[in-house]
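Using the sequences and the hints given, assemble the complete structure.
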Amino acid sequence: MTAHWDYLHLAFAQHALIAASLVAVISGVIGPFVITRGMSFAVHGAAELALTGAAAGLLIANDAVSGALVGSVVVAGAFGVLAVRERERDSAIGVVLGLGLGLGFFLLHFYNGFETEALNILVGQITSVGTAQIEILVGVALAVLAAMTVLYRPLAFASVDPDLAEARGVRTRLVGLLFLLMLCVTVTEAAQVVGTVLVLSLVITPAAAAQRLSADPGVVLGLSTVFALIAAVGGLLVNIVYVPDVRASSFITFIAFGIYALARIAAAARQSLGGNRELPIDSDDSDGTAAINAA
Amino acid sequence: MRVADVRPVVHLHDAALRFGERTVWSGLDFDVAPGEFIAVLGPNGSGKTSLLKVLLGLQRLTSGVVEVLGSAPSRGNKMVGYVPQQKGFDRDLPLRGRDLVALGLDGHRWGIPLPSRARRGRVDAALADVGAQRYAKAAVGRLSGGEQQRLRMAQALLGDPGLLLCDEPLLSLDLHHQRVITELVDRRRREHGTAVLFVTHEVNPVLPLVDRVLYLAAGRWASGAPEEVLTSERLSALYGTTVEVVRVGGRFIVAGAPDAVHAEPGGSHHHPDDSASAILR
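So the protein sequences, as listed, match chains A and B. Per this note's numbering, residue 111 is the first one in the first sequence, and the count goes up by one each step. Per this note's numbering, residue 24 is the first one in the second sequence, and the count goes up by one each step.
Worth flagging that the hints you see were computed from the coordinates, not collected in a lab. Predicted, not measured: the structure shown is a model, and the values here were computed from it. Possibly wrong hints are sitting among the right ones.
Distance windows between CB atoms, simulated [what the hints assert, rightly or not]:
| id | chain 1 | residue 1 | chain 2 | residue 2 | range |
| --- | --- | --- | --- | --- | --- |
| 1 | A | Arg374 | B | Asp52 | 23 to 33 angstroms |
| 2 | A | Val329 | B | Arg140 | 12 to 22 angstroms |
| 3 | B | Glu206 | A | Arg374 | 34 to 44 angstroms |
| 4 | A | Phe151 | B | Arg140 | 34 to 44 angstroms |
| 5 | B | Lys101 | A | Val194 | 20 to 30 angstroms |
| 6 | B | Asp183 | A | Val260 | 21 to 31 angstroms |
| 7 | A | Phe367 | B | Arg140 | 33 to 43 angstroms |
| 8 | B | Asp54 | A | Val194 | 34 to 44 angstroms |
| 9 | A | Gly212 | B | Val88 | 51 to 61 angstroms |
| 10 | B | Gly164 | A | Trp115 | 38 to 48 angstroms |
| 11 | B | Thr264 | A | Ala378 | 49 to 59 angstroms |
| 12 | B | Arg274 | A | Arg283 | 40 to 50 angstroms |
| 13 | B | Gly93 | A | Ile244 | 50 to 60 angstroms |
| 14 | A | Arg374 | B | Arg274 | 41 to 51 angstroms |
Where is the CB? At the ideal position from N, CA and C, for every residue including glycine.
Printed below as a string of structure tokens:
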């Protein structure tokens, strides 16, 4: 196999690396909250609906990227309006997802250009990112990071114990809606890099791996971001340098899963070495029994 | 003694709560003094949690007056500590014991918490108050129910509140931890003058320590010392049907109450012996 390190001097490769890094950082940051709030299906739904936004963008302004971005805000609004109660959330997302995908293919029917431009979003088109798209990505990434910085504490509170957060004055509904918006925007941008079908590898997998290794919320957030970066940039390098004819998306998912597998092994090893507090319930019961016996 | 201490911490006058046609309770006149330990009792659906929500400013009275620490209840009042009914934490939740406690300090503020010695010191002190330092760095989802409940107490007490509201804090705890939690609350109210409203089904661990009980049932209410309220006459009048209260070895057992007390959510904590009748433990 020939290594093409010289490709990294080319503009397409540098654009792709910047785009992958930006998307990885925001995906890694929202990931732990997605898991804590049980919103994996919202990630999947928002990712697939990026197709609809892209199709609408192509039809209206011949611009799939802006279309997907505007579409993500509409999707967040639809999820937020229809899924007020937690129990109806998944079904509401399913309803919006079904309609949205149907609408996406319907719109593509009227588009006279190349359908593949919209369909590219299903599998990712990282190596064809242009300067304009980089500019949008930088803006989106900065906005998402700023919003997550402001939301961080009340979002954590509302995710861990919504009843108490509400009583303590957190506007849990507003915080939840703002996070949903950040999720939809992030996922839509990630869809354009790794592809709709593989977004979960950047949002869920790195955060899930991080949770295996630490219970410290700050450490989990940091590890999740680093893991997403390693997967996105690593997968892209493999593609550009070694295997140009296979999409980067596949390598990104392989690396993400590899990190997850290693994290699980490391966590299991630590437990069997007894470094982790694994059986607190047993010690608790013995306390209780002792107290009863003493009484 | 400060001036505020002589005023009631909770003041309810002719308070009523109705949901549509249904009257949850009405004509409720009840004051709580600083340092008082009140057990709030009653069957499922009698409005015990709703009473706490009124005091937290999350639920409006249908009519009547309510004051908390001298003013109308307001959401986010730092002087009110709250331990909501326990829901277990997910095993993999990325949250340590001390993070849970810290949410009680500033979890409602926007932004990322900046590490500071003062902040760490207050969390450490709150952890030490409830004896939870040992597992402060463990994942909360992997702690036992008793350990989690201690952390929730530390979280609620961190702001040194004038009023502490606890919703079924003894649910699914073993006898040892029921005693630990009630003694913790009792010590707090004696040392800091914190008034306590303690919603519970597990009355017997609490009764030796409480000053008064507030019993809600069938849209009516009764209050007074435990031995005054927990009698066959008072409870029969309250429920509007014959209810027997038996005292066995210092424990109160209530039999025959409609809407069986043991039919509460999270009923898995019942002692097998309780299955025969409605028993208030």
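Evaluation of the provided hints:
Take Arg374 of chain A and Asp52 of chain B: their Cβ atoms lie about 59 angstroms apart, and the range 23 to 33 angstroms is violated. Look at Val329 of chain A against Arg140 of chain B: about 20 angstroms separates their beta carbons, and that is inside 12 to 22 angstroms. Look at Glu206 of chain B against Arg374 of chain A: about 41 angstroms separates their beta carbons, and that is inside 34 to 44 angstroms. The hint said 34 to 44 angstroms for the Cβ distance between Phe151 of chain A and Arg140 of chain B, and at roughly 42 angstroms that hint holds.
Against the hinted window of 20 to 30 angstroms, the Cβ-Cβ separation of Lys101 of chain B and Val194 of chain A comes to about 29 angstroms, which satisfies the hint. Range check, Asp183 of chain B to Val260 of chain A: Cβ separation about 28 angstroms, and the 21 to 31 angstroms hint holds. Distance hint for Phe367 of chain A and Arg140 of chain B: a CB-CB separation of about 42 angstroms, consistent with the stated range 33 to 43 angstroms. Roughly 38 angstroms separates the CB atoms of Asp54 of chain B and Val194 of chain A, a value that falls within the hinted 34 to 44 angstroms.
In this structure the supplied range 51 to 61 angstroms holds for Gly212 of chain A paired with Val88 of chain B, their Cβ-Cβ distance being about 56 angstroms. Gly164 of chain B and Trp115 of chain A have their C-beta atoms about 45 angstroms apart, which keeps the hinted 38 to 48 angstroms range intact. Roughly 57 angstroms separates the CB atoms of Thr264 of chain B and Ala378 of chain A, a value that falls within the hinted 49 to 59 angstroms. At roughly 44 angstroms, the beta carbons of Arg274 of chain B and Arg283 of chain A sit within the given window of 40 to 50 angstroms.
Taking the beta carbon of each, Gly93 of chain B and Ile244 of chain A are about 58 angstroms apart, inside 50 to 60 angstroms as hinted. Distance hint check: the CB atoms of Arg374 of chain A and Arg274 of chain B are about 48 angstroms apart, consistent with the given range 41 to 51 angstroms.
In the structure shown, a violation is registered for the earlier hint numbered 1 alone.
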